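Student: Sequence:
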Amino acid sequence: GMTGEELFVLEAAAILHDVGIHISEARYGNCDGKHQEELGPDEARKVLSEVDGFTATQIERICWLIAHHHTYQDVTSLDHRILLEADFLVNSFEDHLALEGIITFRDHVFRSESAISMLNDMWGL
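Residue numbering for the sequence shown follows full-length UniProt numbering, beginning at 1 and increasing consecutively.
Hints are not guaranteed to be accurate.
[Unchecked claim] In silico SDA-like cross-links for lysine to any residue, where the CA-CA straight-line distance does not exceed 20 Å:
{"#": "1", "residue 1": "Lys46", "residue 2": "Trp64"}
{"#": "2", "residue 1": "Lys34", "residue 2": "Ala67"}
{"#": "3", "residue 1": "Lys34", "residue 2": "His80"}
{"#": "4", "residue 1": "Lys34", "residue 2": "His70"}
{"#": "5", "residue 1": "Lys34", "residue 2": "Ile23"}
{"#": "6", "residue 1": "Lys46", "residue 2": "Ala14"}
[Said to hold, decoys possible] Distance ranges between label pairs, derived from CB positions:
{"#": "7", "residue 1": "Lys34", "residue 2": "Leu99", "range": "18 to 28 Å"}
{"#": "8", "residue 1": "Glu50", "residue 2": "Leu99", "range": "37 to 47 Å"}
{"#": "9", "residue 1": "Thr3", "residue 2": "Ala98", "range": "33 to 43 Å"}
{"#": "10", "residue 1": "Thr76", "residue 2": "Leu125", "range": "25 to 35 Å"}
{"#": "11", "residue 1": "Ala56", "residue 2": "Thr104", "range": "35 to 45 Å"}
{"#": "12", "residue 1": "Gly53", "residue 2": "Leu125", "range": "31 to 41 Å"}
{"#": "13", "residue 1": "Gly1", "residue 2": "Met122", "range": "20 to 30 Å"}
{"#": "14", "residue 1": "Ile116", "residue 2": "Lys46", "range": "34 to 44 Å"}
{"#": "15", "residue 1": "Asp52", "residue 2": "Phe93", "range": "26 to 36 Å"}
{"#": "16", "residue 1": "Asn120", "residue 2": "Gly1", "range": "17 to 27 Å"}
Quick caveat, the hints were computed from the structure, so don't treat them as lab data. Predicted model, so just to flag it, every value in this text is computed and none were measured. Glycine included, every Cβ here is placed at the ideal spot set by N, Cα and C.
With the sequences and hints as input, model every part of the structure.
Tutor: Given below as structure tokens:
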């Protein structure tokens, strides 16, 4: 499980995780995940510095999650796992990914039973 603070941080990261997309598109002409990871944390820091309610430690964790939401190796924390699995669930639908790729990703990256179940339900697997 997660503490209330961990959930708070994860929710903020979930809201802000794609904040680097527009800069990536302007700079590189695409919204590649690695570019999002590179550019997103600085943009998130700008946003978070303008609102109350976040500690420096929370901001750093949010930015770390944004910087790793397309990093699928060495996933050791629950917040990272939830964010990347949730992002893939949405992206698999929005980006019309090939079923073979979805299955491969599920089999090699997904670990949480709920995300596997949701992915299977979404795609009739």
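Student: Next step is simple, just say for each hint if it's right about the structure.
Tutor: Hints, one by one, checked against the model:
Pair hint lysine 46 plus tryptophan 64 holds up; C-alpha atoms about 14 Å apart against a cutoff of 20 Å. Taken as a hint, the lysine 34 and alanine 67 pair is honoured in the structure, with Cα atoms around 8 Å apart against an allowance of 20 Å. As the CA atoms of lysine 34 and histidine 80 are separated by approximately 16 Å, the hinted pair is consistent with the 20 Å bound. Distance hint between lysine 34 and histidine 70 is fulfilled; the C-alpha atoms sit about 7 Å from each other, no more than 20 Å.
Simply put, lysine 34 and isoleucine 23 have alpha-carbon atoms about 12 Å apart, close enough for the 20 Å limit, and the pair holds. A threshold of 20 Å between alpha carbons decides the hint, and for lysine 46 with alanine 14 the separation of about 16 Å falls inside it, so the pair holds. For the hinted restraint 18 to 28 Å between lysine 34 and leucine 99, the CB-CB distance of approximately 24 Å keeps it satisfied. Distance hint for glutamate 50 and leucine 99: a CB-CB separation of about 42 Å, consistent with the stated range 37 to 47 Å.
Checked against the hint of 33 to 43 Å, the pair threonine 3 and alanine 98 passes, with Cβ atoms roughly 38 Å apart. At about 26 Å, the beta-carbon gap between threonine 76 and leucine 125 stays in the expected band of 25 to 35 Å. Distance hint check for alanine 56 and threonine 104: the Cβ-Cβ separation is about 39 Å, which falls inside the suggested range of 35 to 45 Å. In this structure the hint that glycine 53 and leucine 125 lie 31 to 41 Å apart at CB holds, the actual value being about 40 Å.
Glycine 1 and methionine 122 have their C-beta atoms about 25 Å apart, which keeps the hinted 20 to 30 Å range intact. At about 35 Å, the beta-carbon gap between isoleucine 116 and lysine 46 stays in the expected band of 34 to 44 Å. Judged by the Cβ atoms, the range 26 to 36 Å given for aspartate 52 and phenylalanine 93 holds: they are separated by roughly 35 Å. Evaluation of the 17 to 27 Å hint for asparagine 120 and glycine 1 yields a pass: the beta carbon distance comes to about 23 Å.
Every hint, counting from the list given before, is met by this structure.
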